[in-house]
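Engineer: For reference, the chains in residue letters:
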Amino acid sequence: MTALETRTPTRTPTRTTAPLGRLAAAEVRWVLRRPRTLVLLGLLALVAVALGIGIALTGGPGGDGDGDGPGLVAQVAGNGLVLPIAALGLALTLLLPLTVATASADAIAGEAAHGTLRGLLLAPVGRARLVVMKAAGVVTVAVLAVLVVAVVGVLTGLVVVGGPGGTMVTLSGTTLGLGEALGRVALVAGWTVVQLLAVAAVALAVSAFTEHPLVVLAAVLGGLIVFGVLAAIPSLEWLQPLLLTSGWGAGTDALRDPLPLGDLASSSLRALVYVVLGSVVTVVRMRRRDG
Amino acid sequence: MTAAPTTPRATTASPPDAVAARVRGLRKTFGSTVAIDDVDLDVPAGAVLGMLGPNGSGKTTLIRMLLGLTRPTAGTVELLGHAGDDLPAALPDVGALVEGPGFHPFLSGRDNLLRAAAAEPRLDGDLRAPVDAALERVGLTDAARRRYRGYSLGMKQRLGLAAALLVPRRLVVLDEPTNGLDPAGTRDVRRVVAELRDAGATVLLSSHLLAEVEAVCSHVAVLQTGTLLVAGELAALLDADAGGLVVSTPDAYDAILALRAAGAPSYRAEGGVAVPPGPLEAPEIVATLVGAGVAVWEVHRRRAHLEELFARLTEEDA
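So the sequences go chain by chain: L and X.
Last residue of the first sequence: 1367 in this note's numbering, with the numbers rising by one and none dropped.
Last residue of the second sequence: 1247 in this note's numbering, with the numbers rising by one and none dropped.
Hints are supplied without guarantee of correctness; some may be wrong.
Beyond 10 angstroms from chain X on every Cβ pair, some chain L residues (computed) [as the list claims (entries may be wrong)]:
hint: 1; residue: L1193
hint: 2; residue: T1251
hint: 3; residue: G1259
Examples of chain L residues lying across from chain X (beta carbon under 8 angstroms, computed) [claimed, not checked]:
hint: 4; residue: G1191
hint: 5; residue: G1195
hint: 6; residue: L1198
hint: 7; residue: G1202
hint: 8; residue: A1204
Treat the hints as calculated values from the structure; they're not laboratory data.
No residue lacks a Cβ here, since even glycine has one placed at the ideal position from N, Cα and C.
In isolation and in its complexed conformation, chain L is listed as follows:
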């Protein structure tokens, strides 16, 4: 305990807010040190590995009909490069949205609950900047989550399931070389990230309204379930173009030859609309929110 600090006075910046790069870097570091982020990323890796091992052991689908259906999973048998695409499709139904919703819930509602949001606003981090900083953390989680599934899926596919000489047999019956097969995996990964950004934007908007992270999780996962129910009601078919989840089967298109881009494009466009709406609501709300 000495008296006043003895630090030699250096150039003191006169700016009124910290550089955005430093804020984003601090946010990403914080997100990646959270135990729950690491646990969820680990679980996602397990999905890909478990799917691969299951298929390798049984020589085919377990017949559970989950996710994208036995049709796609059956394709994985002896065709390892289909595994990452099947795993992404499976994870997109629940675990991936849960991962980004958790990150979004912690990003604003969780910070408010810990009293740390106040500290950021007092620093001050401008309110619009705060949203950008928070988005950086959530986008990082979304990209990492998809990368984990894709990379572990490719490795498990090649090592555990194996394939016809590092090639991919499409649903259309043609065979793609390793390079093009990896390109297809990357396409699905990118498309999945865009879908997750839509979930994240909505989750951040909810997060901006509450200081209870659980409300965000409940709203996002509940919303996905409601979307699923609405999509299953024939008389509500006109709602389909509005539902984020109604385009989530498009990932399978990457396994067709030639590649049909229509559904991938329209579902991405729909996701971008969700991203824009969610971002606008988040920024507007954060500008007025009490710290």
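Starting from the known structure of chain L, arrange chain X on it as the hints suggest.
Structural biologist: Showing chain X alone in chain L's frame:
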């Protein structure tokens, strides 16, 4: 406590305007509850202002509006010369501990501060040096690498104080800073407040502990149910409340006679005489006594205690 006033901060911290913070006609309602009712308050630059008031009197709401965390229902706030939408421009020079410390339990105290430091506009380059300096200043160096989860209430409070002191500040706002602190912690807070004052910073401190405010504050503001009862210099308020002189002398009889001859009534008190506020100022009273050959051992102003003042103010109103 060496060389505090010689740091460059002492010169750079003296603000050009005489008022560090000013609120006018400030009002805040939550539904039908009036939390703050038409408060006007100046916090003079360089002052240590203690904000007193019972629980629920609106101290924290007032502080939150001062810092731009809550929007006033009506009225204006000016902070270090910045007002309105420009208010956040004052915040880099303001350190605050409001509504208790807020940190993440899964990070160590030091990592929590590093995260806070990344958001400080006034910091550049290596953030570890200012973070370690702030930790040392509040006596947390030994616990710096432990997780915040395991901190005691007092350690959490110290960490909150460290966050407010990461950067040399022109204004430091401390909301109930000694909550949960042991006597040593309370002393440390007093020391930090004194250091800030010596460095030319303004301190706004809210508390319900009268002794604490009396010990460290130059100014006080008393709030009750959202209304400002009184605000001003502590010494002046206490003088106005009591006043008069107490003279220690063995010659009480001669002293009373001499003072009566000079036109100032006085009466015998323990160890000497007491002179109520009257026509004569203190130097004239001393001169009269010495001139009359009275042995004067000590003369001091009879000061009321803040506790009496506070009790009188808040009970009058109730």
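Engineer: Please go over all the hints and tell whether each is borne out by the structure.
Structural biologist: Hints versus structure:
1. Non-interface status of L/L1193 relative to chain X is broken: a Cβ of that chain comes within 10 angstroms, the nearest being about 8 angstroms off.
2. With 10 angstroms as the threshold on Cβ separation, the claim that L/T1251 sits away from chain X holds: the shortest Cβ distance comes to roughly 48 angstroms.
3. Against chain X, the non-interface label of L/G1259 holds: every CB pair exceeds 10 angstroms, the least being about 38 angstroms.
4. Given the 8 angstroms rule on beta carbons, the hint for L/G1191 holds: about 2 angstroms separates it from the nearest Cβ of chain X.
5. Here the hint on L/G1195 is kept, as its CB sits about 6 angstroms from the closest CB of chain X, short of 8 angstroms.
6. For L/L1198, the interface hint holds, the least distance from its beta-carbon to any beta-carbon of chain X being 5 angstroms, beneath 8 angstroms.
7. Using the Cβ-Cβ criterion of 8 angstroms, the hint placing L/G1202 at the interface with chain X is satisfied: the shortest such distance is roughly 7 angstroms.
8. Proximity of L/A1204 to chain X is violated relative to the hint, the smallest CB-CB distance being about 11 angstroms (cut-off 8 angstroms).
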